[in-house]
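The task is simple: from the sequences and hints, build the whole structure.
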Amino acid sequence: VIRRRLPVLLWIAAIAASLLIIARVHIDTDMTAFLPRTSSAAQQVLVGQLRDGVVSRLVLVAIEDVPVERSTAISKQLAARLRDSDLFDSIENGEAAGFAGDRNFLWSHRYLLSDQVEASRFTSTGLRAALQRDLADLGSPAGFLLERTLAADPTGEMLHLIEQQLGQGSGPARQAGVWVSADGGRSLMLIRLRAAGSDIDGAQRALATIRADFAAVASGQAARLVMTGPPVFAVEARDRIKSDATRLSVAASVLVAAALLAAYRSPLVLVLAFVPVISGALAGIAAVALGFSAIHGITLGFGATLIGEAVDYAVYLFTQTAPDSPVESTLQRIWPTLRLGVLTSICGFSAMLLSSFEGFAQLGLFTISGLAVAVCVTRWVLPALLPARFAGVRQSRTMMRVATMAARGRCLRPAVVILTAAAGASLAFGHGGFWSGSLSSLSPVPPAQQKLDQSLRQDMRTPDSTTLIVIHKPGQEAALEAAERIAASLAPIIRAGGLAGLDSPARYLPSLATQRVRQAALPDAAALQAALDAAADGLPFQPGLFAPFIADVGKQRSLPPLTRADLDGTSLSLKLDSLLLHQADGWTATLPLRGVTAPADVAEVVAAEPGAILIDLQAESNRLLGVFLHEGISLAALGASAILLLLLVSLRSLRRVALICAPLAAAVIVTFAVLRLGGHALSIFNLFGVLLVVAIGSNYCLFFDRYRADPAGIPRVLASLLLANGCTVMGFGVLALSQTPVLHDLGLPVAIGTLLSLIFAAIIMSPSSATIATSRESAEPPHATHPGRRTMAEGA
Amino acid sequence: VTLRQIRGRVTCVALITILAAFQSHAAPPDGNASVTLDQLMATLRAVQHVEARYVERHSLHTLRTPIETRGTLRFDAPDHLEKTADPGPAGAPAGRSDRIIIDANRLTIDRGPDASPIVLMLNEHPEIGVLVESIRATLSGDGQALRRVFDVALAGSLAHWQMVLQPHDPGQREILQWMRITGDANRIVAIDTQQGDGDHTEMTIMEQAR
Chain S
1 VIRRRLPVLL WIAAIAASLL IIARVHIDTD MTAFLPRTSS AAQQVLVGQL
51 RDGVVSRLVL VAIEDVPVER STAISKQLAA RLRDSDLFDS IENGEAAGFA
101 GDRNFLWSHR YLLSDQVEAS RFTSTGLRAA LQRDLADLGS PAGFLLERTL
151 AADPTGEMLH LIEQQLGQGS GPARQAGVWV SADGGRSLML IRLRAAGSDI
201 DGAQRALATI RADFAAVASG QAARLVMTGP PVFAVEARDR IKSDATRLSV
251 AASVLVAAAL LAAYRSPLVL VLAFVPVISG ALAGIAAVAL GFSAIHGITL
301 GFGATLIGEA VDYAVYLFTQ TAPDSPVEST LQRIWPTLRL GVLTSICGFS
351 AMLLSSFEGF AQLGLFTISG LAVAVCVTRW VLPALLPARF AGVRQSRTMM
401 RVATMAARGR CLRPAVVILT AAAGASLAFG HGGFWSGSLS SLSPVPPAQQ
451 KLDQSLRQDM RTPDSTTLIV IHKPGQEAAL EAAERIAASL APIIRAGGLA
501 GLDSPARYLP SLATQRVRQA ALPDAAALQA ALDAAADGLP FQPGLFAPFI
551 ADVGKQRSLP PLTRADLDGT SLSLKLDSLL LHQADGWTAT LPLRGVTAPA
601 DVAEVVAAEP GAILIDLQAE SNRLLGVFLH EGISLAALGA SAILLLLLVS
651 LRSLRRVALI CAPLAAAVIV TFAVLRLGGH ALSIFNLFGV LLVVAIGSNY
701 CLFFDRYRAD PAGIPRVLAS LLLANGCTVM GFGVLALSQT PVLHDLGLPV
751 AIGTLLSLIF AAIIMSPSSA TIATSRESAE PPHATHPGRR TMAEGA
Chain V
1 VTLRQIRGRV TCVALITILA AFQSHAAPPD GNASVTLDQL MATLRAVQHV
51 EARYVERHSL HTLRTPIETR GTLRFDAPDH LEKTADPGPA GAPAGRSDRI
101 IIDANRLTID RGPDASPIVL MLNEHPEIGV LVESIRATLS GDGQALRRVF
151 DVALAGSLAH WQMVLQPHDP GQREILQWMR ITGDANRIVA IDTQQGDGDH
201 TEMTIMEQAR
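In order, the protein sequences belong to chains S and V.
Per this note's numbering, the very first residue in the first sequence carries number 1; after that it's consecutive.
Per this note's numbering, the very first residue in the second sequence carries number 1; after that it's consecutive.
Mixed in with the good hints there might be a few duds.
Said to hold, decoys possible - Sample of chain S residues with no beta-carbon within 12 Å of chain V, all distances over it, derived:
hint, residue
1, 77
2, 123
3, 146
4, 173
5, 175
6, 177
7, 221
8, 397
9, 562
10, 583
As the list claims (entries may be wrong) - Pairwise CB distance ranges (calculated):
hint, chain 1, residue 1, chain 2, residue 2, range
11, V, 126, S, 585, 44 to 52 Å
12, S, 451, V, 184, 54 to 62 Å
13, V, 86, S, 489, 49 to 57 Å
Because the hints were derived from the structure by calculation, they are not lab data.
If you're wondering where the values come from, they're calculated on a predicted model, not measured in any experiment.
Ideal Cβ placement from N, Cα and C applies to all residues, glycine included.
Structure, rendered in structure tokens:
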């Protein structure tokens, strides 16, 4: 009795412990978990910016579906309301207020900000050249631009700054003073949240405020609000994962329960079948909680699949127990196969443990511990829980029929070979890339949302530099000074045409040292007046015209140097914050480059500055993708070899192992071909899905292998496999319906591949129907006129 | 700008307007019949493309002596306008060819290969917009647009006409006081501009080619 009770007591204790652990676990929905852990410094900087940088707090808002006069009016009202809220750092919709603020800031600090300021510019020679150029410009078609500033700014610092900082010819189009898309279909806003990128609750509150204020402003109109940007993605991903996890688990449970109820017609058996599943799921969550700091929402969503997989063990046990035989004897009969099956599954899933995608590693650990616990509960706990009068399933006529049909399927063996060959050929000669070549295929953001984001960014004309220089220094001044040094060294390359241009945080906030040098370059009023008089001699400027210039130079000469706080309230602060990032371990300055045609020269400049690196985002992301793909393929190969080795060691027969592998190989090849139908490139998630096909499908083959020597059991085994596979297809099939690309890409190959594995295993590994017929266990009369029997008998 | 200057300008504008009004009334009713705005606009509307040389004489309030520039004008109906200055005007140190291009609402200032072009949206810069709209609307024969922004005084016959434009809006009058466009049938001969800051520009248009 103690031997019988001990497993149950242990089980109860383990469940209690798991529940205790789970009660404290933090559920994490940060989508970067499904971005890989990165190693290089450059990538870490990028990921850091993605997580904490200003970019991670930017929301792009568009108002559409109404005429442009309406959408711009709504934009103005919405911006006014949002500016009153403390949830936002800045609300920009292009309204002139912001522009005027920027102009005033630039104007009153132009001699500190302009990189043209140097002593020679304010000598009589320098001023003479400037005045002569002014004279030429005054008569030019663009003269009206200069006229307004001529008296105070004859050296043209303001025009230079505007050209550098506000101009670029980019920026969104405007109507009624508000940003609109080029076609006028949308009005646009750029909103910076106060909540940090990692604060999803804060982001959710801010987004809800935007929606509510929009609803209030646009009530009764057909206007539609669309939003995109990292905070939107994060909040939506969390909502989606939450709903996916619940919905998918519920859907899978209901489907599986319905199938089991239909098969066993007993609520008790149904409940018992779920005991290993629930135990496994609890153990899996607890294991992840212990192994990682938090469990990811997607891992929980994957619980749905565990239901499809772990319920198999109970199904094997119940279906393979005849009414007149005790459960223990069934267990003893099937245990070696079950054990080997679990071990192969674990081998397959353990490849995921090594993945550099933290989410995958979690899925691997969750599944491995879940399966191990589920099988142990099936082996030692279920028998104790079964009522003494438990009667197994009666072998039905349907079972026999299915078995005979499977046996007749032997004649389809050539068809499997042909199908596999055709699938292989279509893979080898199919058009389109085999693996998806873009990193966005790994993005947790759904494609529709990615497309909206791209379209809004195009409307905003946000320049997307793909080449950056990133400088990391312990202090803000050191970072700014390094940015200035690099910009100065790049100037000759720009003049030589090797680089079209660059942006730098030092443009918006020069280093203190540089500001002091510029102030020192400005002469005092008397010296400036003398130089100006000499310069203007013989030129037709009105006498006294430049008095405002003398006054402004005098004022800015003695200004206290600019600090970050002086930029508050201008759109320049946004630019500065996106280019200069304060992190725990120092300051990072980013210099986006445009039109790099001499990368080697640029690299040389960057190499000369310690702490600076040159990043080509496109190349980096391609390289990263290559690394993931390589990793995925090696892990899949590793998992497959582990399974192969395990089978060889356990079965000690090359022939049997080959026979087990044949249906699996065929299923994998055909699954790949099905996924590739229509030229769809495969993602790494698909690859992992196919690995799961091997892990699960091998169980089917093992049962067929086990019962080759015992054909009497085949009808029952086949029935149990059909039911088990049905549960697996349902569990993973609902994943294929998920909006989250990871879950979808994993679910689809498993649902297709495991079904194919079963069909192919039945065709390839079934004994002949004659053997089944002669060793039947039930009292049912054979169908004498069964059409297939004679054929099979003749074949035998 | 002193009060006297302003008064002077007002007098000048009034004189031109009265003169124009007088002319239109005094015009004989035959083949030289006084032209209506609709007739003139219809005539100008028929012109799809203009390319011409110009000479411009700027009397700027910042300068003691006027400066003169030359260049090329180009117009394609309905709203593409280009003005290209000849290199090296008015004693400039180096020859530089500047150009402004107006495409509907977008104004691009192209300052040669060494500087990046500046792009402005006219609706965001009403001070430039009013200057551009007067010429654009005239060239494209858009009488409605002219009347919307300006008081239009038209004088003379279709063969020789003169149109004085004055912004309705007092704010815009501080930028453009008045503009006088002189033409022969569908050809614009001269454009005089009096700006609010005292700058006066006389543009003569020659060698028209179509």
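Hints versus structure:
no., hint, result
1, 77, "20 Å, holds"
2, 123, "16 Å, holds"
3, 146, "9 Å, violated"
4, 173, "7 Å, violated"
5, 175, "7 Å, violated"
6, 177, "6 Å, violated"
7, 221, "23 Å, holds"
8, 397, "81 Å, holds"
9, 562, "25 Å, holds"
10, 583, "33 Å, holds"
11, V:126 to S:585: 44 to 52 Å, "50 Å, holds"
12, S:451 to V:184: 54 to 62 Å, "56 Å, holds"
13, V:86 to S:489: 49 to 57 Å, "38 Å, violated"
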